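Undergrad: If you want the building blocks of each chain, they are given just below.
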Amino acid sequence: NAGVTQTPKFQVLKTGQSMTLQCAQDMNHEYMSWYRQDPGMGLRLIHYSVGAGITDQGEVPNGYNVSRSTTEDFPLRLLSAAPSQTSVYFCASHNFDEQYFGPGTRLTVT
Amino acid sequence: AQSVTQLDSQVPVFEEAPVELRCNYSSSVSVYLFWYVQYPNQGLQLLLKYLSGSTLVKGINGFEAEFNKSQTSFHLRKPSVHISDTAEYFCAVEEGAQKLVFGQGTRLTINP
Numbered sequence: 028n029a030g031v032t033q034t035p036k037f038q039v040l041k042t043g044q045s046m047t048l049q050c051a052q053d054m055n056h057e058y059m060s061w062y063r064q065d066p067g068m069g070l071r072l073i074h075y076s077v078g079a080g081i082t083d084q085g086e087v088p089n090g091y092n093v094s095r096s097t098t099e100d101f102p103l104r105l106l107s108a109a110p111s112q113t114s115v116y117f118c119a120s121h122n123f124d125e126q127y128f129g130p131g132t133r134l135t136v137t
Numbered sequence: 002a003q004s005v006t007q008l009d010s011q012v013p014v015f016e017e018a019p020v021e022l023r024c025n026y027s028s029s030v031s032v033y034l035f036w037y038v039q040y041p042n043q044g045l046q047l048l049l050k051y052l053s054g055s056t057l058v059k060g061i062n063g064f065e066a067e068f069n070k071s072q073t074s075f076h077l078r079k080p081s082v083h084i085s086d087t088a089e090y091f092c093a094v095e096e097g098a099q100k101l102v103f104g105q106g107t108r109l110t111i112n113p
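Protein chains in written order, with our numbering: chain A, 28 to 137; chain B, 2 to 113.
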């Protein structure tokens, strides 16, 4: 049981480049979420999904896209990276009373 | 919208001393509250949760928290800390549809 996996662990992008952060879970949870963590701001919700084919925006969705074609996978896309998107990104898979977090992706945009 | 305030950004304590990490949330009719811990360079791990019932909640690693509805607080406590408790601690409230709103985090540093 791998839980929640995220790839890559680290990434450096130039401004304007695009990339996809991958997230997968093997717990058969319907709910999945993406957060970004910035110093002094805790974790903020970017997008979430309540099941395959259903996604919605969180607190800070601008600049990010998501899709959910399967229960297992929930990729996060940056279409045109900006320095303000430098952050640590966490994916979570959850049931009613607990969220299970992946190890995170540290993204730097120069 | 819900909000969570962690009153201390950093808390230094000596090993084997007691510690309290403070958390206040915006009021609501009913709330689900959580404490998560993040060890260096890792993801978050659930420490404990309050969903309903007893206001004193026990979690892993000897931590406990008390839900106080009148003061809208959910403070985390441990009677005797260890070096291994050095981490960042996050309080969170559920805002419906399993969406979590996190506080800013409290960095707990244990000194020998």
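Treat the hints with care, since some could be wrong.
Unchecked claim - Here are the simulated SDA-like pairs of lysine to any residue, each with C-alpha atoms no more than 20 Å apart in a straight line:
(1) Lys100(B) with Glu57(A)
(2) Lys50(B) with Lys36(A)
(3) Lys70(B) with Thr97(A)
(4) Lys50(B) with Tyr127(A)
(5) Lys100(B) with Lys41(A)
(6) Lys100(B) with Asn89(A)
(7) Lys59(B) with Tyr58(A)
(8) Lys36(A) with Ile61(B)
(9) Lys100(B) with Lys36(A)
(10) Lys100(B) with Val115(A)
(11) Lys50(B) with Ala51(A)
(12) Lys100(B) with Leu134(A)
(13) Lys100(B) with Asn122(A)
(14) Lys100(B) with Thr135(A)
(15) Lys100(B) with Glu125(A)
(16) Lys41(A) with Glu125(A)
(17) Lys50(B) with Pro102(A)
(18) Lys50(B) with Lys41(A)
(19) Lys50(B) with Val115(A)
(20) Lys100(B) with Asn112(B)
Keep in mind that the hints were calculated from the coordinates and are not lab data. Being a predicted model, the structure only gives us computed values, none of them experimental.
Undergrad: Against this structure, judge whether each hint is valid.
TA: For each hint, the structure was consulted:
Under the criterion of a C-alpha separation no larger than 20 Å, the hint pairing lysine 100(B) with glutamate 57(A) is consistent with the structure, at around 13 Å. Taken as a hint, the lysine 50(B) and lysine 36(A) pair is broken in the structure, with Cα atoms around 29 Å apart against an allowance of 20 Å. Between lysine 70(B) and threonine 97(A), the direct Cα distance comes to roughly 40 Å. Violation of the 20 Å bound is thereby established for this hinted pair. The suggested pairing of lysine 50(B) with tyrosine 127(A) holds, with an alpha-carbon distance near 13 Å, which does not exceed 20 Å.
The suggested pairing of lysine 100(B) with lysine 41(A) is violated, with an alpha-carbon distance near 31 Å, which exceeds 20 Å. For the proposed pair lysine 100(B) and asparagine 89(A), the alpha carbon gap of about 18 Å is at most 20 Å, so the pair holds. With a C-alpha separation of about 26 Å, the suggested pairing of lysine 59(B) with tyrosine 58(A) is violated against the 20 Å cut-off. Pair hint lysine 36(A) plus isoleucine 61(B) does not hold up; C-alpha atoms about 27 Å apart against a cutoff of 20 Å.
Between lysine 100(B) and lysine 36(A) the alpha-carbon distance is near 24 Å, which puts this suggested pair outside the 20 Å criterion. Distance restraint check for lysine 100(B) and valine 115(A): the Cα-Cα separation of roughly 19 Å lies within the 20 Å cut-off, and the hinted pair is therefore satisfied. Simply put, lysine 50(B) and alanine 51(A) have alpha-carbon atoms about 25 Å apart, too far for the 20 Å limit, and the pair is violated. With a C-alpha separation of about 23 Å, the suggested pair lysine 100(B) and leucine 134(A) falls outside the 20 Å cut-off, and the hint is violated.
At roughly 11 Å between alpha-carbon atoms, lysine 100(B) and asparagine 122(A) fall within 20 Å of each other, so this suggested pair holds. A distance of roughly 26 Å separates the Cα atoms of lysine 100(B) and threonine 135(A); the hinted pair therefore is violated under the 20 Å criterion. Note on lysine 100(B) and glutamate 125(A): the hinted pairing holds, with a Cα-Cα distance of about 11 Å set against a maximum of 20 Å. Restraint check for lysine 41(A) and glutamate 125(A): the C-alpha separation of about 36 Å exceeds 20 Å, so the hint is violated.
Distance restraint check for lysine 50(B) and proline 102(A): the Cα-Cα separation of roughly 28 Å exceeds the 20 Å cut-off, and the hinted pair is therefore not satisfied. Proximity of lysine 50(B) to lysine 41(A) is assessed by CA-CA distance (about 40 Å); at most 20 Å being required, the pair is judged violated. For the suggested pair lysine 50(B) and valine 115(A), the alpha carbons sit about 24 Å apart, so the restraint of at most 20 Å is broken. With a C-alpha separation of about 35 Å, the suggested pairing of lysine 100(B) with asparagine 112(B) is violated against the 20 Å cut-off.
Violated hints, in rising order: 2, 3, 5, 7, 8, 9, 11, 12, 14, 16, 17, 18, 19, 20; the structure is consistent with all others.
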